[in-house]
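Undergrad: Chains as they are written, first to last, in this note's numbering: chain A, 1 to 612; chain B, 613 to 707.
These are computed hints drawn from the structure, not numbers from a lab. C-beta: ideal position from N, C-alpha, C; glycine also. Any given hint could turn out to be false.
Partial list, computed: chain A residues near chain B (C-beta under 7 Å) [said to hold, decoys possible]:
hint, residue
1, V10
2, L12
3, P74
4, P109
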Amino acid sequence: MAARPLWFNVRLDDLAARVIRPDGTWAAVDVSMATELEQVRTLRTMEPAWTHMVDLRTIAPGDVVELTWSYMVPYDMNADRTQGWRAFAWPDNWTRTTSWRILFHHALPIKHQTVRLDHDLRHGIVIGGTSFYDVQEDRNKRSIRWEHHDLPGCLDEVNADPTADLPYASITFEPDDQRYWTFDRLSGVPYRQPYWLYVLRMREQRAFWWRRVAQKNVPDKQNQLFNDFVDATIAGIPAKDRLRRVVTLHNRIAEEFTYSNDSLWYQDRDQGLARFGDQVTDGRIREMARYDLYAKLLYAIQENHATAYVMDRRVGKLDARWLTPLWESDLLFGVDAANGVLWLYPKRGPVGYWAGELPFYWEGTPALVMNERIRITDAPPPPLFVDLPKGMKGGTQRVIETTIDTADAPNGSTGTQRVLLSGQFSTLGRGSYEQLPVDRTVHPNYAAPTVPGSPRHVPWKILSSSHVAPYRVQAERGLAEARVMEPDLDGSYTIDARMLVHHAVPPPFDPGMRELPFYWDCQQDDRIIVDRHFERPMELVGTLPDHWVSSSHASISQRFTLVDPHHLQFESRLVVSGEREEVTFAADVAAILRVAAGEASVVRLRPVSGTP
Amino acid sequence: MSAQPITPVLQPHAWPDGDPWARSWQVEPDRSSILEDELVIHVRNLQPRFLALFFHRRKVIHFATQEDVARFSRFTLPESLDPLYDGRGRPTVRT
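Next comes chain A alone, as it looks inside the complex (with noise of 0.2 Å):
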């Protein structure tokens, strides 16, 4: 599914395409549409957005197509009736284009673009992002022009990042709009704040309540459950020892609970209240309170902390330009620690995340902060940011171990699988050797390998898991009907590497047509070792390949070695020791890749003449 900016209510005014010739002749094209519904979830409700899924018939190779369209987008259709509480009843269009991006680029190359954005002075409109453009004003209005010729197609690179190493506008869109105005609490004096603060505030509004709610002498049910849940929790620690105490509580929640994702709720079919004390009796973290308990929490420990709203650096760099709406933007909680800020993630998901553990999609990046000072100031202050941790040195590892007992059995065989998982490939991998899902916006090789050449699922039991940097995950398995090896009408055998590796890495690609730097997405160190038994003594067809590909950060190793007539040992290696590669490296990076796909090594083998 494309990419599309799910916004509400937009008006399709004009759609036309027609297929133009050098001798100045045309033609209609056919355009049919459909239309297609999503539910967005907002703060508090789930919203429909449509997109119109356009379809250009009768087009042909070698046709020029001129398509023109109009869309509206209306601002707050609802605006008559929701400048207050309401708002968040019917959110709209105000709640997501308050900061947004234009990218120029195409994954085609464009020769001659044109970008001009038109608005006046009072929309609030700043400019950011990294491109030239022309400004013209008059009075109160504002044509802000960008232009470029021969952009090159590279937006759909894979592991490129775009907004590195493209231009591109960032807009921030703060009209005069009566929800943003705010009183100082002692002089009354109206004043506006930014967009980011109310909505940061917004979602945080209920901080100080939780912190007197866990002042109170006489609990209600609710907060004696949620008391009593603290209590057993951090039992035996010392109040002095209070960073054990939230890794405790933290780890105990990314352990054991289960995440909802609270669709009712969002839907209005529940209507139901958070009920926290219910919650951490039943092991339950719910979408709708995932802030809310957290605060509570630490409150509840009488620990001060800050939020801090995080960016995928996949997507882009969070700065004072681009913020994004915010208003789905997940977070984090901070408490000192002695050596800096301990960052919590609540579960958002079927795997959580151990204290101070970070997917490397969100490590060294900056993230916005919302503390206590900057909730209820009354001077507006700028952005704070702060840069997450990088994960430590060397700590991504991983090994895992194959053994085929016999591998020449016809009807497959038995064998052990073992595994050592640390770093970023415990972070993103370790819930699929519990059969949960992954994260599904990182390669699927993070996961738990399958059994090689079959379809089968066999369980893997967990040897050893630690919370503590790198996260160490210890896991073995027996297989069964793994089938390495295919028989050849020769009476020969194949072993293709492809059946064999595992690296988390993308499919090689065209060097000759990138255009942009080549990210991997951690420094890593990934090491498969497949050794095969054989039942009857083989023999080798042709050659054992041998491979080593380097770049200017990653190196890759593999290798088959017959160790004697019953033993064919596979090893392959990557190691990765920084991120970025530059297009001088395409060629290594896309050998690179191809050796880690298995595409470059075949092995055949025939038993010994003389063999049954």
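Using the hints, position chain B against chain A.
TA: Relative to the frame of chain A, chain B by itself:
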């Protein structure tokens, strides 16, 4: 809150008179490209109840191969101006 009709009511488009082909365009027979891309965003009105963003786009695309026809002759409106952000959280952001 859905307030607009979902199915658009489109009037027949009136193409401008004159030669639609610009002499400056250079078409590479084996490579698809966008020859001309023009986007105008007009923010109109001031009060929130009337405020709206009007998007108008004109593109001239040369489709060189059947593969590109299949890939780029289908698109969505409103189009994404920021596919990285709009595609966040979806599978295969990068791979």
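Undergrad: Hint by hint, say whether it matches the structure.
TA: For each hint, the structure was consulted:
1. V10: holds, 5 Å
2. L12: holds, 4 Å
3. P74: holds, 5 Å
4. P109: holds, 5 Å
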